[in-house]
Amino acid sequence: MTMPGDANVMASVYTDFQGLNSLKAAAHQQTTAAKKEAARQFEAVFIEMMLQSMRKATPKDSLLGDSQTRLYRGLYDHQIALDMAQGSGIGLRGMIEKALGVNSASGAPGSDSVSQAHSLPTGPRPTATALGKTTTTGQTDTASESAQWPPATPQAFVTQVMPYARAAAARIGVQPDVLVAQAALESGWGKRVPRLADGQSSYNLFGIKAGANWQGQTVNVPTLEYRDGVAHREQARFRAYSSIAASFADYAGLITHHPRYRQAIAAAGDPTAYLQQLQQAGYATDPQYAAKVDAILTGKHLAGEHLAGKALLAMNPAVKNPADGTIT
1 MTMPGDANVM ASVYTDFQGL NSLKAAAHQQ TTAAKKEAAR QFEAVFIEMM LQSMRKATPK
61 DSLLGDSQTR LYRGLYDHQI ALDMAQGSGI GLRGMIEKAL GVNSASGAPG SDSVSQAHSL
121 PTGPRPTATA LGKTTTTGQT DTASESAQWP PATPQAFVTQ VMPYARAAAA RIGVQPDVLV
181 AQAALESGWG KRVPRLADGQ SSYNLFGIKA GANWQGQTVN VPTLEYRDGV AHREQARFRA
241 YSSIAASFAD YAGLITHHPR YRQAIAAAGD PTAYLQQLQQ AGYATDPQYA AKVDAILTGK
301 HLAGEHLAGK ALLAMNPAVK NPADGTIT
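Reminder that position 119 of the sequence shown reads as 119 in full-length UniProt numbering, one-by-one numbering, no gaps.
Here are the simulated EDC-like cross-link-like pairs (lysine to aspartate or glutamate), alpha carbons at most 20 Å apart as the crow flies:
id: 1; residue 1: K35; residue 2: D83
id: 2; residue 1: K209; residue 2: D286
id: 3; residue 1: K209; residue 2: E234
id: 4; residue 1: K209; residue 2: E186
id: 5; residue 1: K300; residue 2: E186
id: 6; residue 1: K292; residue 2: E225
id: 7; residue 1: K209; residue 2: E225
id: 8; residue 1: K292; residue 2: E186
id: 9; residue 1: K292; residue 2: D270
id: 10; residue 1: K292; residue 2: D228
I should point out that these hints are in silico values taken from the structure, not numbers from a laboratory.
Construct the entire structure; sequences and hints are all you get.
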């Protein structure tokens with residue numbers, strides 16, 4: 001007898017509703033097989049979207065363009081998408097599997113198609129405490145983190161900060177790549193982070209200034225501010241952190257607890273809307289701030305992560321609309 005979590009039961013034909021129900025049941029158990037199948041199904045969704053775009057781009061046939069033809073053509077595209085995803089796919093599945101926590105070493109189909117640049121670091125996942133100190137299941141990794149900072153390339157920046165972005169994004173309800181893009185703009189991919197007097201990095205990746213209530217370390221650096229659309233160079237006091245994790249944790253705390261960002265939290269399910277709400281709330285004075293972050297988000301260094309993030313939001317609507325509707 002085949003159990004619900006068995007991959008053999010999963011839907012491979014677009015009319016196989018029993019297979020889809022089995023996938024739904026297995027999803028509650030968070031099994032590896034269910035995660036792999038969910039990734040395959042979502043890759044099929046993207047393939048179908050691609051096919052639909054191709055259909056729309058072709059000239060309409062007046063003889064074979066009636067509603068019945070379009071119906072059967074749509075069903076045919078459904079099946080083509082599933083068949084393509086059944087094989088090696090188009091390279092999205094491995095990315096989605098990694099986002100779902102499937103170990104790429106398991107030999108999952110499609111995992112080899114993901115570039116090594118997008119792979120996530122292995123080992124204990126760090127967490128940031130309220131005091132901004134980085135801890136793991138054993139010991140701090142601040143020393144090794146400092147040795148690798150600043151990253152040599154934009155892709156190295158993405159790889160190094162992504163685990164912390166995921167933790168912060170989970171608190172906000174936004175895609176983690178949105179936070180990576182924002183940090184990339186503010187820090188110049190990690191190369192323009194202010195340094196303390198002793199030469200150590202301040203790890204201020206989000207350009208957060210130190211107000212009267214800030215009790216931690218600070219660093220004074222020149223910054224560019226916009227007033228009435230005109231840029232002005234001035235000195236400002238910024239927060240300093242002990243680690244990358246502390247920087248992301250403080251950003252998440254600022255966004256989720258400050259009343260001015262309530263509209264941004266409400267729009268977290270839409271990256272573009274989230275960034276626009278941040279700008280309108282006064283996060284940055286640059287009138288093109290949201291557009292600049294959005295350009296990085298859809299650029300070559302984050303395009304794959306952005307697409308995988310959209311798949312995750314589609315799989316988990318609760319991320320976009322928290323059940324209790326509160327800001328935590």
